[in-house]
Each structure stands twice: as structure tokens, then as C-alpha cells.
Amino acid sequence: MLEFEDLAYEEAGNYAGLTLRKYPPLVIFIDECHQLKRPVQDALLTMTEPTEKRAILPLFAADMSNATFLFATTDIGQMAKPLKTRAREINLQPYEPEEIAEILGRIHKGWSPVVRRLLAFAGRLTPRIAKERAKDLDRILKQDFEGQKPNENLVLGIMKEEWGQDRNGMTERDRRYLKVVADAKGAIGGENIAQQLGIEVAEAENDIEPFLLRLGLLRKGPTGRELTERGRGFLESTE
Amino acid sequence: MSIHIQKATQGTYHCSKRGYEILKEIAKKAGFPSDNIVARLAIGRSLIERQDVKRDPRLPGSFDNEGKELKGITLFNPEIAPVMVSLIVQHYGKPLENPENIKELVRLHWERGLLLLQEDLDHEDGDIDNLLINFATQSCLTEEGELEEEYPEGFDLLDAKIVGQEEAKKQVRRLLKEAKGLLPVCLTDNIIFTGPASTGKTLFSKTIAESFKASLCRNHRYKSSKRGTAI
Numbered sequence: 001m002l003e004f005e006d007l008a009y010e011e012a013g014n015y016a017g018l019t020l021r022k023y024p025p026l027v028i029f030i031d032e033c034h035q036l037k038r039p040v041q042d043a044l045l046t047m048t049e050p051t052e053k054r055a056i057l058p059l060f061a062a063d064m065s066n067a068t069f070l071f072a073t074t075d076i077g078q079m080a081k082p083l084k085t086r087a088r089e090i091n092l093q094p095y096e097p098e099e100i101a102e103i104l105g106r107i108h109k110g111w112s113p114v115v116r117r118l119l120a121f122a123g124r125l126t127p128r129i130a131k132e133r134a135k136d137l138d139r140i141l142k143q144d145f146e147g148q149k150p151n152e153n154l155v156l157g158i159m160k161e162e163w164g165q166d167r168n169g170m171t172e173r174d175r176r177y178l179k180v181v182a183d184a185k186g187a188i189g190g191e192n193i194a195q196q197l198g199i200e201v202a203e204a205e206n207d208i209e210p211f212l213l214r215l216g217l218l219r220k221g222p223t224g225r226e227l228t229e230r231g232r233g234f235l236e237s238t239e
Numbered sequence: 240m241s242i243h244i245q246k247a248t249q250g251t252y253h254c255s256k257r258g259y260e261i262l263k264e265i266a267k268k269a270g271f272p273s274d275n276i277v278a279r280l281a282i283g284r285s286l287i288e289r290q291d292v293k294r295d296p297r298l299p300g301s302f303d304n305e306g307k308e309l310k311g312i313t314l315f316n317p318e319i320a321p322v323m324v325s326l327i328v329q330h331y332g333k334p335l336e337n338p339e340n341i342k343e344l345v346r347l348h349w350e351r352g353l354l355l356l357q358e359d360l361d362h363e364d365g366d367i368d369n370l371l372i373n374f375a376t377q378s379c380l381t382e383e384g385e386l387e388e389e390y391p392e393g394f395d396l397l398d399a400k401i402v403g404q405e406e407a408k409k410q411v412r413r414l415l416k417e418a419k420g421l422l423p424v425c426l427t428d429n430i431i432f433t434g435p436a437s438t439g440k441t442l443f444s445k446t447i448a449e450s451f452k453a454s455l456c457r458n459h460r461y462k463s464s465k466r467g468t469a470i
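The listed protein sequences correspond, in order, to chains R and C.
Counting in the working numbering, the first sequence runs from 1 upward without gaps.
Counting in the working numbering, the second sequence runs from 240 upward without gaps.
No lab work stands behind these hints: they were computed from the structure.
Keep in mind that a hint or two might mislead.
Claimed, not checked - Straight-line C-alpha distance at most 27 Å; calculated DSS-like pairs for lysine-lysine:
| hint | chain 1 | residue 1 | chain 2 | residue 2 |
| --- | --- | --- | --- | --- |
| 1 | R | K142 | R | K109 |
| 2 | R | K109 | C | K268 |
| 3 | C | K310 | C | K268 |
| 4 | C | K416 | R | K84 |
| 5 | C | K267 | R | K135 |
| 6 | C | K408 | R | K84 |
| 7 | R | K142 | C | K268 |
| 8 | C | K267 | R | K142 |
| 9 | R | K135 | R | K160 |
| 10 | C | K267 | C | K256 |
| 11 | C | K409 | R | K81 |
| 12 | R | K84 | C | K409 |
| 13 | R | K109 | C | K408 |
| 14 | C | K246 | C | K310 |
| 15 | R | K81 | C | K408 |
Just chain C, same shape as in the assembly (with noise of 0.2 Å):
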């Protein structure tokens, strides 16, 4: 282990500029004095999720570079490196083929926290005290079976998100219950909510997505389900 330490601590990593901006946007929100403590809760967030970070659909391919550049020591000073390294390691779930390779993996990890922790901040409408408390109290040490668990059955996700809305909400879960069946799960009909400002209808759409367990992809800008596997 001390040799991925010693690797994920040396050099200098840089994430996109998307990345930065949400970077930027949380640490001003939060008030924190320094965007790097950011980059480390962006990384502890991605470790939240369960799916392997070099598959997850919702990063691209490649990244630029034009974003935060952060030194190695920086992101990992000698108090939390072990730590952080062990967790991403054991997120990874098999030995790193090289030793080289944690520096991709911290890369990623801190890329697709940040999409994450931005997720969250528009799922708490703006909230930056709720998604820190929502944050904290989340584990990082998912078991397997977890994903099944949280939804046992006869649970009801749109109730458990939405407050109000039955007859909306009757409509929609008709239609889940239709798309149960369907491989891939697709709605069988599109939908178009209508209503006034701030009635749930961008709520009613991130779950949705999230019961698929699919993507929610936005127009003008990126906005992905919290479990979901793509944006």
C-alpha cells in the first residue's frame, strides 16, 4: 500500500474546467476557505458510489486539463493519504495491475465526485447545509446486496420523494409499472408535465430516472440521476 501512497501523493493532478467551475461554485457556497478541501469531498463522494469508476458511463472518455491543478501532497497531505488511498484501492475491489494506475483512479474519482456533489446541490435546491449533512451521513462502506435492500419491496420511491402530487403520482406509477417488464426499461409514453413554477416536475423527472437506474440527461446543461449510470 505505502507505494500507492507515495505514488497518489507525487506529482500534480488537474481536473476539467467543468469540474473546476462546480469546484469553484461549492467552495463559495460552503464558505470554505480553500476550493482543495472540495476536491477531497468530491473524491469521498464518488467512493459513495458502488459502480466502478474506469466503467461509469457519466465520464467521458477523455478530460481536459484546463480546470483546478492541485500537487499531489496537497490532495492527499500525510494525515489522510493512507486513508484515502485505502479506500479508493478497496473501492476498486482487486489489486491495481500498477502501481501508477491509482493516479487514474484518484483522476476519476475526483472528476466524478464533483458531477456528483453537483447533482446533489441541485437535488437540494441549492442547499449546501443539507447536502453536507446528507453527505456525512451516507456510508462509504457499501456491502453488496445494498442496492437491493434500500428499495425493499412494496416501496415506493415517487412517495418517498415527492410529497403531494397523488393523482401525478398514480399516472406515473402506472407507467413504471408497465416499463417493469421492458428490457431496457423505457416509459412506454413519453410524458409532459405541465403545471406552475415549482410544482415537482424537474423532481418527478430525476426520479423517474432514478428508478430506472438510468441516466437524466438535461437540456443546456448536465444533470444525472443520483444512482444513475450515465449523463
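Bound-form chain R, shown alone (with noise of 0.2 Å):
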């Protein structure tokens, strides 16, 4: 999982046989760890342990007293509990449309707020995708509008012809995905979804969910996902 061989370290004693390697100032970063198996979540334990903050691993032990781990997860749910205990939990919030901007405005200093408020829709209210989104556009602009600074018909157009995109940022496939919602009698499992529309389940959940659901257009519960009144209305709107 984590390999210290490479840092630079000191040598600090011995600890119960085996050389104890005592590392710099260090910041471990473990990303989605829920994924992580029960038996390494364990082996974290003594590494967060606040008195001894050590790693024992096959040829060495590491002290990790320099060191501060930083987790990141989707789902806390799924991380076990002790692991839990050991760190201060921080929720982060999704962005919001104008927040988005603001990043953007930060690379593409020329851009009006309406553009990059686009953009922050074009890229599902996502900074990554608002940035592949932008660089996109730049590239349009320079390669067939003489590099003119964009406008909002200009990016509104450019939505529609090149991402399938309405002002929205929902595509025809975000549409169909609503439809089989709609027409379901009740609650609708995401497999159910995925199936009906030809999807893998993960593409149903990672790709289009979650930007359904921050437009508010979807509800999902224990059941299964349902169409909020205003996704009804978007609906009727568009037929």
C-alpha cells in the first residue's frame, strides 16, 4: 500500500530486533480509504496510535511520529470504526455553479462570469470536467472563431452542437435516464436503470446521478430513485 523505502530517513535505534527508521516530516495521503481491506484499516491503527505512531513492516520499522495522515473517502460508512476514531472528520460540499466559475476565472481570466457559469453546468457542476470544458471551448474559439473571446450564444451553441448539451448541462442521455425514472411505478432500483437504458450500473451512478441529483431532479432512498416534482416539470417541458 505505502512503501518507505525511498524517503530519506535516519536511523534511530532498534526497535525489538529490527532497525527503526525514523522519517522526515511527512504527510500521508490515503485516498478512497473505504476501499482499503479490513486487515490494512487495521494495520493503520498503530500508525495513527497518538503515543506510537509506528509501522512495522517486514525488514524495518518505520517511525511515524513525524508524520500526519490525511484520508479521503466518498463513503464513511464503510470505514471501520476504530480507523475512524483516530482522525477528525471534515466534510467537503459539493461546489456550487458560481464556485465553479470562480475556478475557472482563475485560468481563463478574460471570460465573463455568464460564460463560466455555463461552463460550470457544461462540466456537470464539476471543477474537473468545467476545466476539460473550457479547454475545449479554447480550443474551438481558437480553431474556428479567430480566437474571439466567448459569449453566451457563442458557448450556449457550442453546448448544443459539440456536448449535446442544453443551458443546463443535461444531455439526451441524463433525458432518457429521467424518462425510465418517470415511467417507473414507484421507487426504481439503479440496476433496473441501468439495464432499461443499456448502461453499465457504475456509469448510471457515477456519470449521471449525481449531477441529477444536485440539479434536484431526482430523489434517491432506500428504495430506489424517484423523480422530484421538479424533474417532473423538466420533463414536461421537454416533450
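Assembly of the complex is requested from the two constituent chains, each provided in isolation within its own frame, with the hints serving as guidance.
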């Protein structure tokens, strides 16, 4: 999982017959920590023990007293409880369109707030995708529009023609998804939706649903997915 | 200096297997006709770092030679050799004990530069254009005291790097303040960042590492902080 061999260290004596290596100030970032297997989570317990902070590895022991552990997870419920108690939980909120527009503004300084806000939706309210869209727009502007500054109408046109999106960033695939949910009698499961759309469950759950949930068109409960009033209204307006 | 140039352009250099993977990835993403360009770019990138490359703990004690093989004369063609070699010697900060040592410095800068370019690329979410723009606007002639001037009193690295997430920033800021008086710098609490995908969990972690000027070690593959000391 983590390899310490290449880090600079100094020998710091002996630890139960193993050489004890002392590492420099270190921030250890463990991403998607809910996916770690239980034995690994258990091993991390001793490493994060406030008074110990040691890792016993096959060939040596590592003194981790200089280490700060940062974990990241999209599913805190899957983490082992003891490990959870070793760290302070800080919750990060999804980005608002204006915040994504601000992020884009740091890269594309001359672009108007309206354009950047549209790109936030084109990026499905995800900074990473919004940056990709902005990059693509920049390419199109240079290639087809002699490097002109983007305006609202131009971006709306590109969203429609190039990316198959309306001004809210919705695609035909999103609309078909909503239609399947609307046609179901009551709540419908993710697998069922994916099957009807002919796509993988992961695609439905990771690529489509989060955006529809953010737009408030969809509701996800223990029994499955349902359209919200807004979702129904949206479908009616586009039919 | 001419003896240094002569030594630097003689013989063959190798990079590690890991370094070569980074080299190929960046060359492909950037659409460069040859990955030799990335090798030079990497050396330039390493020269921006003030830290002595020979004492940089990010680099392992020894390298495999399973990566790219490059002749010295190709890496440093006659036009750029004087400039590159001068910068490398200037970065070293003192006369080389032995002209042969230039080869070791070149190798170390190459390897470190590749790691840094990979890190920059991750920092830019894979956007090679941003990487190159940022690279082009950084000065390779750093002055003493620049690091201190870079973060003046009251400068908030979290605000500079992260948009929004005010509540999370408040909590992290409090922990950083507590950690400031500790030696070595270390958060008093570990942190679990929770939240949906793409909300800045990795960015927070990188920023904390950067504010400590500490290394950032990441599971599965190495990542390091922009001005970190080791990976």
C-alpha cells in the first residue's frame, strides 16, 4: 500500500530486533480509504496511534512520529470504526456553480462570469470536467472563431452542437434516464435503470445520477430513485 | 566551464523505468514529436527547485537504468549545452569537486524534474497546457529569501489554492495554527476528508503538505507536494 523505502530517513536505534527508521516530516495521504481491506485498516491503527505512530514492516520498523495522516473517502460508512476515531472528520461540500465559475476565472481571466457559469453546468458541476470543457472551448475558439472571446450565445451553441448539452448541462442520456424513472411505478433500483438504458450500473451511478441529484431533478431513497416535482416539470417541459 | 560542457555532452545518460513512464506520458499528452524535449524540460523544471538536488530526499539513493537512454550530445545539443550546464553548475552553488560530477547532477536533475512534472501535471488535473504555461512563467533564477517572500504575513495558502469550502478551511486552518508551534510540524489530529467526488479532498491534502513544506506520500503511487522535501 505505502512504500517507505525511497524516503530519506535516519536510523533511530533498534525496535524489537528491527532497525527503526525515523522519517522526515511527512504527510501521508490515503485516498479512497473506504476501499482498503480490513487488515490494512487495522494496520493503520497502530500507525495512527497517538503515542506510538509506528509501522512494523517486514524488514524494518518505521517511526512515524513526524507523520500526519490524511484520509479521503466518498463513503465514510464503509470505514472501520476504530480508524474513524483516530481522525477528525471534515466534510467537503459539492461546489456551487459560482464557485466553479471562480475556479475557471483563475485560468481564463478574460471570460465573463456568464460564460464561466455556463461552463460550470457544461462540466456537470464538477470542477475537473468544467476545466476540460473550458479547455475544449478554448480550442474551438482558436480553431473556428479566430480566437474571439466567448459570449453566452456562442457557448450555448457549442454546448448544443459539440457537447450535446442544453444550458443546464443536460444531455439526451440524462433525459432518457429521467424518462425511465418517470415511467417506473414507484421507486426504481439503479440496476433496473441501467439495464433499461443499456449501460453499466457504475455509469448510471457515477456519471449520471450525481448531476441529476445536484440539479434537484431526482431523489434517491432506500427503496430506489424517484423524480422530484422539479424533475417531472423538467420532463414535461422538454416533451 | 568548457570542461563541464564537454563532460556533460559525452557518453550516455539513462533514466529510471519510472522516470521513463512519466517522460512518455507527458510527451504524448503534449504532442511533442520527441520525448527528448521532455527530458530537457524535466531538467529545467528541477532547476526551479531551490533545494540541492544531491540532498533531495525525494530521490532514492540509487536508480535503475531501465528507462530512456539518451546520448549526452542529444540531451545537450551544442546550442543549449552552455546555458544548461551553466545553470546546473550555478544551481549547485559551488565549484564542482570533479568535472565528472556534472554527469551525476544531470542525472539527478533529470529524475527529479520528471517527478516534479508528474506532480505538476496532477496538480493541473492532467492539463498539459496549464502545466507548460505555469512552467514558462516560473523563474529559474531564484533569489535567497524567495520562499519567505512568497508567503508574506497574512497570506493564506488555503484561500490561494482552494475556492469555497469555507467551513472545511476554517477547521484545517485551526489545525495548521496548532501545528505551527510543533517541531517537527505535524497536525495534532489526523483528518478524514469526506464528501462526493471532485470536492477537493486531494487538493486539501496537497495544500496541507505544501504549507508544512513536508512530503506527501500517497497510496498506490507517489505524489509529492509542490515544494515538498521528500516522497
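Do the hints match the structure? See the list:
1. This hinted pair checks out: K142 (chain R) and K109 (chain R) have alpha carbons roughly 16 Å apart, not beyond 27 Å.
2. Our distance criterion of 27 Å between C-alpha atoms is met by K109 (chain R) and K268 (chain C), whose separation comes to about 24 Å.
3. Distance restraint check for K310 (chain C) and K268 (chain C): the Cα-Cα separation of roughly 24 Å lies within the 27 Å cut-off, and the hinted pair is therefore satisfied.
4. The suggested pairing of K416 (chain C) with K84 (chain R) holds, with an alpha-carbon distance near 23 Å, which does not exceed 27 Å.
5. At roughly 17 Å between alpha-carbon atoms, K267 (chain C) and K135 (chain R) fall within 27 Å of each other, so this suggested pair holds.
6. As the CA atoms of K408 (chain C) and K84 (chain R) are separated by approximately 20 Å, the hinted pair is consistent with the 27 Å bound.
7. Our distance criterion of 27 Å between C-alpha atoms is met by K142 (chain R) and K268 (chain C), whose separation comes to about 19 Å.
8. The hinted pair formed by K267 (chain C) and K142 (chain R) meets the criterion: a straight-line CA distance of about 21 Å does not exceed 27 Å.
9. Straight-line distance between C-alpha atoms of K135 (chain R) and K160 (chain R) comes to about 17 Å, which keeps the hinted pair within the 27 Å bound.
10. A threshold of 27 Å between alpha carbons decides the hint, and for K267 (chain C) with K256 (chain C) the separation of about 17 Å falls inside it, so the pair holds.
11. A threshold of 27 Å between alpha carbons decides the hint, and for K409 (chain C) with K81 (chain R) the separation of about 25 Å falls inside it, so the pair holds.
12. For the hint linking K84 (chain R) to K409 (chain C), the alpha-carbon distance of about 21 Å falls within 27 Å, and the restraint holds.
13. Note on K109 (chain R) and K408 (chain C): the hinted pairing holds, with a Cα-Cα distance of about 24 Å set against a maximum of 27 Å.
14. The suggested pairing of K246 (chain C) with K310 (chain C) holds, with an alpha-carbon distance near 12 Å, which does not exceed 27 Å.
15. The straight-line distance between the Cα atoms of K81 (chain R) and K408 (chain C) is roughly 25 Å, inside the 27 Å bound, and the hint therefore holds.
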